[in-house]
Amino acid sequence: EPEVTQTPSHQVTQMGQEVILRCVPISNHLYFYWYRQILGQKVEFLVSFYNNEISEKSEIFDDQFSVERPDGSNFTLKIRSTKLEDSAMYFCASSSGTGIQETQYFGPGTRLLVL
Amino acid sequence: GNSVTQMEGPVTLSEEAFLTINCTYTATGYPSLFWYVQYPGEGLQLLLKATKADDKGSNKGFEATYRKETTSFHLEKGSVQVSDSAVYFCALSDLDTGGFKTIFGAGTRLFVKA
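Chains S and A supply the protein sequences, listed in that same order. Note that this note's numbering numbers the first sequence so that position 41 is 41, with each residue one more than the last. Note that this note's numbering numbers the second sequence so that position 62 is 62, with each residue one more than the last.
Treat the hints with caution; some may be incorrect.
Beta-carbon label-pair distances, calculated as ranges [to be verified]:
#: 1; chain 1: A; residue 1: G61; chain 2: S; residue 2: V24; range: 23 to 33 Å
#: 2; chain 1: S; residue 1: M15; chain 2: A; residue 2: G29; range: 18 to 28 Å
#: 3; chain 1: S; residue 1: G99; chain 2: A; residue 2: E8; range: 24 to 34 Å
#: 4; chain 1: A; residue 1: G78; chain 2: S; residue 2: Q11; range: 39 to 49 Å
#: 5; chain 1: S; residue 1: K42; chain 2: A; residue 2: D55; range: 22 to 32 Å
#: 6; chain 1: A; residue 1: Q45; chain 2: S; residue 2: Q101; range: 29 to 39 Å
#: 7; chain 1: S; residue 1: E53; chain 2: A; residue 2: T28; range: 47 to 57 Å
Stretch-level coverage of chain A by chain S, calculated; a stretch enters the list once three of its residues show a Cβ under 8 Å from a Cβ in chain S [claimed, not checked]:
#: 8; region: 28-42
#: 9; region: 102-110
Think of the hints as simulated: they come from the structure by calculation, not from any bench. Cβ atoms here follow ideal geometry from the backbone N, Cα and C, with glycine treated the same way.
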């Protein structure tokens, strides 16, 4: 069964450093998303992406964050200058559409630790 | 805005006990409803879904019925196993903003003892 994959599974970085989290969505999906889950808290929407542009973003997704689909298969989340509070599990998701019958399929997540 | 409220955990049960995890939602539209499961150290897995009123989603012995009149989507399983120990998230699809995002509840941690 097709699945969303994410790399790396774990990333440790120093505060102020840039990180890039990578995702390979399901191949025939057109809509891509990032979510994050701070330890012990709920999963929160960050951003959705379609047709090479951001469709929607939350208030969490400030100027430090950016997303890109650099080629036909990868979808990346960049954090330019990491803060301690960016430590979280980051989930990528994809869907084939946005209708009522659609489901988002989630990757296994990247656990980011900012020191 | 749309939101999901689910019962606080942790829930601790003995093996073969009956499980109910309550979930209610607030939505201005007509969302699809989901249960996701997160096993220790792993990502989110879709457990089941329902897209319209009175639909019953089911998978791996778990089931939940979309109740529009009570805005609920309670998760049930007749006989839990130790391997069901995980965090369970109730969620809905939010289409109101013209986009598509999933709104999650806070999660309920389930411990099943042998």
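Hint-by-hint comparison with the structure:
1. A/G61 with S/V24: 23 to 33 Å: Hint holds: Cβ distance 31 Å, inside 23 to 33 Å.
2. S/M15 with A/G29: 18 to 28 Å: For A/G29 against S/M15, whose Cβ atoms are near 41 Å apart, the range 18 to 28 Å is violated.
3. S/G99 with A/E8: 24 to 34 Å: Holds: the Cβ-Cβ distance is about 33 Å, inside 24 to 34 Å.
4. A/G78 with S/Q11: 39 to 49 Å: Hint holds: Cβ distance 41 Å, inside 39 to 49 Å.
5. S/K42 with A/D55: 22 to 32 Å: 24 Å, holds
6. A/Q45 with S/Q101: 29 to 39 Å: 19 Å, violated
7. S/E53 with A/T28: 47 to 57 Å: 26 Å, violated
8. 28-42: holds (count 6)
9. 102-110: The restraint on the region 102-110 of chain A holds, since 6 of its residues have a Cβ under 8 Å from chain S and three suffice.
Hints 2, 6, 7 from the list above are not met by this structure, while the remaining hints are.
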